[in-house]
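Spelled out, the chains give:
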Amino acid sequence: MLKFLSIIVTILFLAASSAFSQSVEMADSMQAQGKINVVVAVAFLVLAILFAWLIRMEFRVRRMEKEQGTRS
Amino acid sequence: MARLNASALNTGSFPIAWWKLLSLILLFYTFYAGFKGPVPELPILHETIRNLYFHVTMWMAMIVLMLSNAIYGIRYLSKQRMELDLAADECARMAIVFGIAGLLTGMIWANYTWGAPWVNDPQLNGTAATLLIYTAYFILRNAIPDEQKKARLSAVYGIFAFVMMFVFIMIIPKMTDSLHPGKGGNPGFNKYDLDSNMRMVFYPAVIGWTLLGVWMVNLRIRLRKIEWQRNSN
Chain A
1 MLKFLSIIVT
11 ILFLAASSAF
21 SQSVEMADSM
31 QAQGKINVVV
41 AVAFLVLAIL
51 FAWLIRMEFR
61 VRRMEKEQGT
71 RS
Chain B
73 MARLNASALN
83 TGSFPIAWWK
93 LLSLILLFYT
103 FYAGFKGPVP
113 ELPILHETIR
123 NLYFHVTMWM
133 AMIVLMLSNA
143 IYGIRYLSKQ
153 RMELDLAADE
163 CARMAIVFGI
173 AGLLTGMIWA
183 NYTWGAPWVN
193 DPQLNGTAAT
203 LLIYTAYFIL
213 RNAIPDEQKK
223 ARLSAVYGIF
233 AFVMMFVFIM
243 IIPKMTDSLH
253 PGKGGNPGFN
263 KYDLDSNMRM
273 VFYPAVIGWT
283 LLGVWMVNLR
293 IRLRKIEWQR
303 NSN
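Heads up: the sequence lines are chains A and B, in that order. 33 is the number that our numbering gives to position 33 of the first sequence; each next residue is one higher, with no gaps. Whatever position you read off the second sequence (first residue = 1), add 72 for our numbering.
Hints in this document: simulated from the structure, not taken from any laboratory. Incorrect hints may appear among the rest.
Derived BS3-like pairs (lysine-lysine); straight-line CA-CA distance at most 30 Å [what the hints assert, rightly or not]:
{"id": "1", "chain 1": "B", "residue 1": "Lys221", "chain 2": "B", "residue 2": "Lys151"}
{"id": "2", "chain 1": "B", "residue 1": "Lys246", "chain 2": "B", "residue 2": "Lys151"}
{"id": "3", "chain 1": "B", "residue 1": "Lys222", "chain 2": "B", "residue 2": "Lys151"}
{"id": "4", "chain 1": "A", "residue 1": "Lys66", "chain 2": "B", "residue 2": "Lys108"}
{"id": "5", "chain 1": "A", "residue 1": "Lys35", "chain 2": "B", "residue 2": "Lys108"}
{"id": "6", "chain 1": "B", "residue 1": "Lys246", "chain 2": "B", "residue 2": "Lys222"}
{"id": "7", "chain 1": "B", "residue 1": "Lys151", "chain 2": "A", "residue 2": "Lys66"}
Label pairs and their in silico Cβ distance ranges [said to hold, decoys possible]:
{"id": "8", "chain 1": "A", "residue 1": "Glu67", "chain 2": "B", "residue 2": "Pro110", "range": "43 to 53 Å"}
{"id": "9", "chain 1": "B", "residue 1": "Pro253", "chain 2": "A", "residue 2": "Ile36", "range": "38 to 48 Å"}
{"id": "10", "chain 1": "B", "residue 1": "Ile180", "chain 2": "A", "residue 2": "Ala41", "range": "35 to 45 Å"}
{"id": "11", "chain 1": "A", "residue 1": "Ile36", "chain 2": "B", "residue 2": "Glu299", "range": "53 to 63 Å"}
{"id": "12", "chain 1": "B", "residue 1": "Ala89", "chain 2": "A", "residue 2": "Ile7", "range": "51 to 61 Å"}
A few chain A residues that don't get close to chain B, going by computed Cβ distances all over 10 Å [as the list claims (entries may be wrong)]:
{"id": "13", "residue": "Lys3"}
{"id": "14", "residue": "Ser6"}
{"id": "15", "residue": "Ile7"}
{"id": "16", "residue": "Thr10"}
Positions of the beta carbon are idealized from the N, C-alpha and C atoms, including for glycine.
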């Protein structure tokens, strides 16, 4: 019960502190500099997918080489 | 059983070569610094100067792959091993991929800075001629049924094609007037063309893209070798 209350109090305290704080948390970093960071994020995702494919392919070819018994 | 033992020995080492990971790191750096890094403020070009990291690097990767095609050709002529011929073929294929990527990205860039996707520029016509020369390389390969003769002729042709590429891309545009910077008698990449901030991104970008191309070729060559060994056994 005491535990339950302490959780409630904590939640209320957090709610109050956020309600009274003046600045609203926004994704400021993503909106800085004309939103170029959004482009960087998209480009990073494309790169990450490309490299994920390459690394998967790498493991696949390695397995085939081992099956063949010719690791050059 | 011997095969299984041999493969068990390999499991301890890190599975991916260091230069492949270097390519990953350098390309993430290129994409970050390429978009966010400082660039000189120039008329006409504006932000498109960032294409240097994505368009020019395609050509660098293509030239390296064409060079490795010629080197594999020379090695085939001295050693007569079929794997070297397969490797040369795959290098030429990937060089064409990067060449087409370079042409298409260049056409987009030219459309917004020079006013048309294709202008009558010696650099553009030279690269188009180079791609046609390498297309003829594949036609030559497909035309010869005998494996040995095909390998020998295409190795000789590959060396010749590399020299022609060098003449068309590196020499002729420098002798005449070209819209590309550093051409028409001026040395390229001097302090007026490329400031030191861009150099810090451009050189890693060249290495990163080139290593990416070499990685893709490496996978293709290994697949072709597996295929070739299966067929010959």
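Structure-based check of each hint:
no., hint, result
1, B:Lys221 - B:Lys151, "14 Å, holds"
2, B:Lys246 - B:Lys151, "37 Å, violated"
3, B:Lys222 - B:Lys151, "15 Å, holds"
4, A:Lys66 - B:Lys108, "43 Å, violated"
5, A:Lys35 - B:Lys108, "11 Å, holds"
6, B:Lys246 - B:Lys222, "35 Å, violated"
7, B:Lys151 - A:Lys66, "26 Å, holds"
8, A:Glu67 - B:Pro110: 43 to 53 Å, "51 Å, holds"
9, B:Pro253 - A:Ile36: 38 to 48 Å, "25 Å, violated"
10, B:Ile180 - A:Ala41: 35 to 45 Å, "22 Å, violated"
11, A:Ile36 - B:Glu299: 53 to 63 Å, "44 Å, violated"
12, B:Ala89 - A:Ile7: 51 to 61 Å, "52 Å, holds"
13, Lys3, "46 Å, holds"
14, Ser6, "44 Å, holds"
15, Ile7, "42 Å, holds"
16, Thr10, "39 Å, holds"
Checked against the numbered hints listed earlier, the structure breaks hints 2, 4, 6, 9, 10 and 11; every other hint is satisfied.
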